[in-house]
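Q: Working from the sequences, and respecting the hints, build out all of it.
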Amino acid sequence: MGSYLLETLNDRYSKKLVQTYSVFPNQNETSDVVVQPYNSLLTLKRLTLNADCVVVLDNTALNRIAVERLHITTPTFAQTNSLVSTVMSASTTTLRYPGYMNNDLVGLLASLIPTPRCHFLMTGYTPLTVERQTKNIMVSSCARTKEASQAKYISILNIIQGEVDPTQVHESLQRIRERKLVNFIEWGPASIQVALSRKSPYVQTAHRVSGLMLASHTGIRHLFSKCLSQYEKLRKRQAFLDNYRNHPMFADNDLSEFDESRDIIESLVDEYKACESPDYIKWGMEDPDHILSGEGNATGTVDPKLAV
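If you use the UniProt record's numbering, the sequence shown corresponds to residues 1 to 308, in order.
Just so you know, these hints were derived from the structure itself, not from any lab.
Mixed in with the good hints, there may be bad ones.
Derived DSSO-like pairs: lysine-lysine, alpha-carbon spacing no greater than 27 angstroms straight-line [said to hold, decoys possible]:
#1 K273 to K226
#2 K273 to K233
#3 K152 to K226
#4 K152 to K273
#5 K152 to K282
#6 K236 to K226
#7 K180 to K236
#8 K180 to K226
#9 K180 to K273
Cβ-Cβ distance ranges computed for the label pairs, FRET-style [to be verified]:
#10 E171 to A239: 52 to 60 angstroms
#11 A251 to V164: 56 to 64 angstroms
#12 A251 to K282: 39 to 47 angstroms
From the three backbone atoms N, C-alpha and C, an ideal C-beta is built for every residue, glycine too.
A: This is the structure in structure tokens:
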């Protein structure tokens, strides 16, 4: 249903920005829904083609944070949803309490998404409060792995809410640049954007300052690769396809929708991997048949809807 609505919205309001908050399924546990890998692949295709920005929230990481950091043995849906809603609320702070800068969605996303297809964002939030328990921790949208640690940032936006001294923020950013604490891509500016916002006068919080990080990071491709891997395991055995064959999209045993979705996601993974190389700007030009989902060569191209 969500994918159908996303396609419909993008078709009817093609000039409007479409931003989603998408929770990816737990990759380390067996799902009660046996066709989850199929559904994930079909959904990911539509998030790639029909959304301008996707804030990724990984159930695997959310459960790990709840268990390891918040010491919740068995996280409930309410506790997990609390983490998600916190990120959603913080990401729209500058829109609900506008200041002189970053007061519209176009301005927020233009600096975060330099190329249209690389529009999947990771998040980090601190401090976190769940059930009146305050912990000064970071919420990561994707589980940390060895491969992810070798990836690079494409862009970073920090939204800081509360009473904060801009001078201290500037000094902190200067230290990060001097010590090279953040591994940025080589083909673009290594800039960390900061947006300051007021706190809600109607909500009492235990902390004076809170911060949300929105980042475009090449490590997100490992999450997509896991989705592809789980799909391939089922597809290789032709398992659980009968329910799909009864759908008009897959009539006459036509499973090309799966094949097209797989090709698009493989292309997306390749593009994020190419972002880690210095010559990314030239990527795709040598191979005119490279799959770019009908958008043309996305490399170095700014989405018209994000033009400012």
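Q: Hints first: check each against the structure and report whether it holds.
A: Results for each hint:
1. K273 to K226: holds, 15 angstroms
2. K273 to K233: Measuring from Cα to Cα gives roughly 23 angstroms; hence the hint holds.
3. K152 to K226: holds, 19 angstroms
4. K152 to K273: Holds, because 10 angstroms separates the two Cα atoms, which is no more than 27 angstroms.
5. K152 to K282: holds, 18 angstroms
6. K236 to K226: holds, 15 angstroms
7. K180 to K236: violated, 44 angstroms
8. K180 to K226: Violated, because 30 angstroms separates the two Cα atoms, which is more than 27 angstroms.
9. K180 to K273: Since the Cα atoms of K180 and K273 sit roughly 21 angstroms apart, the hinted pair holds (cutoff 27 angstroms).
10. E171 to A239: 52 to 60 angstroms: holds, 56 angstroms
11. A251 to V164: 56 to 64 angstroms: Hint holds: Cβ distance 57 angstroms, inside 56 to 64 angstroms.
12. A251 to K282: 39 to 47 angstroms: Because 42 angstroms falls inside the window, the suggested range holds.
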